[in-house]
Amino acid sequence: MENKNTLIALMLIMAIWFGYTLLFPPQPPGDKEAAMQSESPVAEAGAGEASSGEKKSPAAGDAALDAAPIEAAPADAVDVVIDSDIYRVVLTSSGARIKEFTLKQYRQTSDKDAPPVQLTQEGPAQFYTMKTQGTEGLSLPANAPFRLQGEATDLQLGNGESRQVHFAAVLDSGAVVHKVFTFHADKYHFDVEVR
406 MENKNTLIAL MLIMAIWFGY TLLFPPQPPG DKEAAMQSES PVAEAGAGEA SSGEKKSPAA
466 GDAALDAAPI EAAPADAVDV VIDSDIYRVV LTSSGARIKE FTLKQYRQTS DKDAPPVQLT
526 QEGPAQFYTM KTQGTEGLSL PANAPFRLQG EATDLQLGNG ESRQVHFAAV LDSGAVVHKV
586 FTFHADKYHF DVEVR
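Read in our numbering, the sequence shown has 563 at position 158, and its numbers run on one by one without any break.
No lab work stands behind these hints, which were simulated from the structure alone. Do not take every clue at face value.
[Unchecked claim] Distance windows between CB atoms, simulated: (1) ALA580 / ALA557: 56 to 62 Å; (2) LEU508 / ARG600: 24 to 30 Å; (3) LEU508 / GLN569: 52 to 58 Å; (4) ASP596 / THR558: 19 to 25 Å; (5) PRO521 / GLN554: 25 to 31 Å; (6) ASP488 / LEU415: 25 to 31 Å; (7) ASP559 / GLN526: 20 to 26 Å; (8) ALA482 / GLU407: 58 to 64 Å; (9) LEU415 / ASP596: 40 to 46 Å.
[Unchecked claim] List of simulated lysine to aspartate or glutamate pairs, EDC-like, C-alpha gap at most 16 Å: (10) LYS592 / GLU556; (11) LYS592 / ASP490; (12) LYS592 / ASP484; (13) LYS509 / ASP490; (14) LYS504 / ASP481; (15) LYS509 / ASP591; (16) LYS509 / ASP481; (17) LYS504 / ASP516; (18) LYS504 / ASP559.
We treat Cβ as the ideally placed atom computed from N, Cα and C, and that holds for glycine.
Required output: the full structure, derived from the provided sequences and hints.
Okay, structure coming up:
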């Protein structure tokens, strides 16, 4: 009797799953690109408002934030280099993501002339970024043009030192997205805060 109920439940779950996929098929990738291209005049209009001095911001503390509205294509990307005794990291403002992560104390082979281990290789952003997308219209492209908050683009970490790199972007809706990376000189792990 118990197996019969389990079998019926599994059959109902499969019927619901197949029915849902037939009634609500996923949108093909080509349609998403066409939708983004049709939204680009809206992004340009938002950029025009921001340049005329009217900045939308959800909080009073973010009024002085130096960030650009999100566009489909990245603006001139700024690279930030974080260098410590054990690693070298290169961040880019295009998507506020890690572009390169090299371990200085480890070699690719046992040769002493071998290059150091590189954990990431630059390629299409879709393969190495965490997508930020929601059901209420929030969509942050992988190559969104973030602005570096601060002017330091070459950070040297001393023994026991920790440093933060802060990126921010403004969505067309006026919402502000922050990505804050915290690196520690003597540890391989780092912290990322997205708010």
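If you test the structure against every hint from before, which numbers come out violated? Hints 1, 3, 6, 10, 12, 16 and 17 are the ones this structure does not satisfy, whereas the remaining hints hold.
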